[in-house]
Amino acid sequence: MTISDAAISVRDLRKTYGKFTALDGVTFDIQRGETFALLGPNGAGKSTTIEILEGYRDRTSGEASVLGVDPGIGSLDWKAQLGIVLQSTGESGNVTVREQLAHFAGFYPNPRPVDEVIAAVGLEQKAGTLIRKLSGGQRRRVDVALGIVGNPALLFLDEPTTGFDPESRRQFWELIRSLKREGTTILLTTHYLDEAANLGDRAGIIAGGKLIDIGTIDAIGGADARVPVVRWVERGVVREERTASPSTLVARLVRDNGGAELDTLEVVRPSLEDIYLELVAAYEATAPAIDTHSTESTREQTEEVAK
Amino acid sequence: MTTITIPRLPAGRTLRLGGSRVVNEVRTYFRQGDSVFFTFLFPLVMLTIFSTAFSDQSFGKDAAGDDVTAAAFYLPGMLAAGLLLSGLQNLAVDIANERSDGTLKRLAGTPLPVVSYFIGKIGQVLVTGAAQAVLLLVVARLVFGVALPTDPGGWLTFGWVFVLGVTTSAVLGIALSRVPRTGKSATAVVIPITLVLQFISGVYLSFAQLPDWLQNVASVFPLKWMAQGMRSVFLPENFESAEPGGSWDLAGVALVTGVWLVVGLVVCRMTFRWIRKDS
Numbered sequence: 069m070t071i072s073d074a075a076i077s078v079r080d081l082r083k084t085y086g087k088f089t090a091l092d093g094v095t096f097d098i099q100r101g102e103t104f105a106l107l108g109p110n111g112a113g114k115s116t117t118i119e120i121l122e123g124y125r126d127r128t129s130g131e132a133s134v135l136g137v138d139p140g141i142g143s144l145d146w147k148a149q150l151g152i153v154l155q156s157t158g159e160s161g162n163v164t165v166r167e168q169l170a171h172f173a174g175f176y177p178n179p180r181p182v183d184e185v186i187a188a189v190g191l192e193q194k195a196g197t198l199i200r201k202l203s204g205g206q207r208r209r210v211d212v213a214l215g216i217v218g219n220p221a222l223l224f225l226d227e228p229t230t231g232f233d234p235e236s237r238r239q240f241w242e243l244i245r246s247l248k249r250e251g252t253t254i255l256l257t258t259h260y261l262d263e264a265a266n267l268g269d270r271a272g273i274i275a276g277g278k279l280i281d282i283g284t285i286d287a288i289g290g291a292d293a294r295v296p297v298v299r300w301v302e303r304g305v306v307r308e309e310r311t312a313s314p315s316t317l318v319a320r321l322v323r324d325n326g327g328a329e330l331d332t333l334e335v336v337r338p339s340l341e342d343i344y345l346e347l348v349a350a351y352e353a354t355a356p357a358i359d360t361h362s363t364e365s366t367r368e369q370t371e372e373v374a375k
Numbered sequence: 679m680t681t682i683t684i685p686r687l688p689a690g691r692t693l694r695l696g697g698s699r700v701v702n703e704v705r706t707y708f709r710q711g712d713s714v715f716f717t718f719l720f721p722l723v724m725l726t727i728f729s730t731a732f733s734d735q736s737f738g739k740d741a742a743g744d745d746v747t748a749a750a751f752y753l754p755g756m757l758a759a760g761l762l763l764s765g766l767q768n769l770a771v772d773i774a775n776e777r778s779d780g781t782l783k784r785l786a787g788t789p790l791p792v793v794s795y796f797i798g799k800i801g802q803v804l805v806t807g808a809a810q811a812v813l814l815l816v817v818a819r820l821v822f823g824v825a826l827p828t829d830p831g832g833w834l835t836f837g838w839v840f841v842l843g844v845t846t847s848a849v850l851g852i853a854l855s856r857v858p859r860t861g862k863s864a865t866a867v868v869i870p871i872t873l874v875l876q877f878i879s880g881v882y883l884s885f886a887q888l889p890d891w892l893q894n895v896a897s898v899f900p901l902k903w904m905a906q907g908m909r910s911v912f913l914p915e916n917f918e919s920a921e922p923g924g925s926w927d928l929a930g931v932a933l934v935t936g937v938w939l940v941v942g943l944v945v946c947r948m949t950f951r952w953i954r955k956d957s
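If you're matching them up, the sequences are chains A and B in order. Every position in the first sequence, counted from 1, becomes a number in my numbering once 68 is added. Every position in the second sequence, counted from 1, becomes a number in my numbering once 678 is added.
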């Protein structure tokens, strides 16, 4: 693939608010048709990154290209190719679900059929209800519906499933998979690591404004982080051992045990969540000590300014 | 090597989407209980209160020697107040709220042209302002027996004062919506401005009875001129002598309101942003 195939291309992206550095030299590419999950703790720079790429914020320095266009000066033609699901919702909502979707569909040159979108987010029963009368999770589904009604080539999802019950989350995953099959490029941020593991082709982990790892979901963290753990109980005590060759270990344990079954034997491969937590913890241990409290409040202020 | 090509949007969509915005805006306006009361029905409520409270008083005599009732005397002022409330007060509060609650941020991420958004807002004000004026006229005529003009010239004047006034008021509302920092503070910032303007511009108090200096202050702002234009249509001809300079001064009405319209458009063009973007 060539560089110009990239739906999103970011080089050494920086963003500072006064003395506070929100993004400190982030570089990555997202290929067309790919689903990329951007992960990281609160305040790490996920939303700053995504909002720069959506054209909502200006970058301090570095290069960014979204569908071949500098997002800082994106035209309406460019916006017609994007679908944006912002992190927060909160409109007064004096329109019904169907009215709102039909209205927004009209902004786009090639929209999806409104009823199809309503069905895709599972709001058929609520199509005629005012948005302000919906529950938080239902309103979030309206946000997602508005993000996809324009039939976007590139979809931004900033923590899309916050407030979803487990069933709606599964349903949402199906929707995203069908969009993937249609070739939609997706940039997703989420706090649910199982969501990233289920939907993402690749993931980037961001902490303290830096991209600390990037790779395919099954390779992120490197081979060392994926070494499985063998866990068993020996004379009432839980024992565990990390090993790259768990079968050999289990065979030895069985032999030592005189061929008898081992009590509560488990072989566990670290989940994306385990790997993620380890990476972030390792980063925080090496990063210069920061007073997290004051960074948080600076962050809130800058958010305020950005709105 | 493939390069990404972005298709061009078809031409002429700005007006079409503007029309679609008007429908959306009018629909949401009437579903918002507080805006319907404080901007749409308020002048009617005030007209009713004044007409009832002062029903046995005379506000002067027309050329034929008949008494001018409270309803007839207050009608032009309430029509002018309606222009101010439907345009300036409504939009300044409405857009500040939309900036605060994320509506504008959402629209900013879509291919909706800013001009279509403006058309939607101004169209909403034209529709609701016209409905409000018709309601005031109908109630004044049917409930309070106010005699309405019978000559086409009077209605022509009403027509241009209404359109110019409501448009100027709408544009100034969009411009003023930048001032409140949050949606919550919007009414606190906007309502004192519109309230003071109504008191000094001859809406609630007879303009002729205000001290000269206050008349001069009010003359800087457009509401005084809109109210004056409305008085020229609805009050008896012999009331003209009570006006400053003894004239309805319709040229002044057009000039001052027109200047505010241009100033408002320039300010909107220079200051309107979908969101407070950092830099």
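Everything labelled a hint here was simulated from the structure, so no lab data went into it. Built from N, CA and C at the ideal position, the CB exists for glycine as well. Mixed in with the good hints there might be a few duds.
[What the hints assert, rightly or not] Partial pick of chain B residues on the chain A-facing surface, computed with a CB cut under 8 Å: (1) R686; (2) L687; (3) A689; (4) G690; (5) L695; (6) T706; (7) Q710; (8) D712; (9) L790.
[Stated by the list, open to error] Under 10 Å between C-beta atoms, here's a sample of chain A residues computed to sit facing chain B: (10) N178; (11) V297; (12) G326.
Now for the hints, and whether the structure bears them out:
1. R686: OK, holds: R686 of chain B within 8 Å of chain A, min 6 Å.
2. L687: Since the shortest Cβ distance to chain A is 5 Å, the answer is holds.
3. A689: A689 of chain B check fails; min Cβ-Cβ to chain A is 12 Å, beyond 8 Å.
4. G690: Cβ of G690 of chain B sits 12 Å from chain A, so the hint is violated.
5. L695: Holds, because the Cβ-Cβ distance from L695 of chain B to chain A comes to roughly 6 Å (cut-off 8 Å).
6. T706: holds (4 Å)
7. Q710: holds (6 Å)
8. D712: violated (11 Å)
9. L790: holds (5 Å)
10. N178: With a minimum Cβ separation of about 9 Å from chain B (threshold 10 Å), the hint on N178 of chain A holds.
11. V297: V297 of chain A check fails; min Cβ-Cβ to chain B is 44 Å, beyond 10 Å.
12. G326: Violated - the Cβ of G326 of chain A stays beyond 10 Å from chain B, reaching only about 64 Å at its closest.
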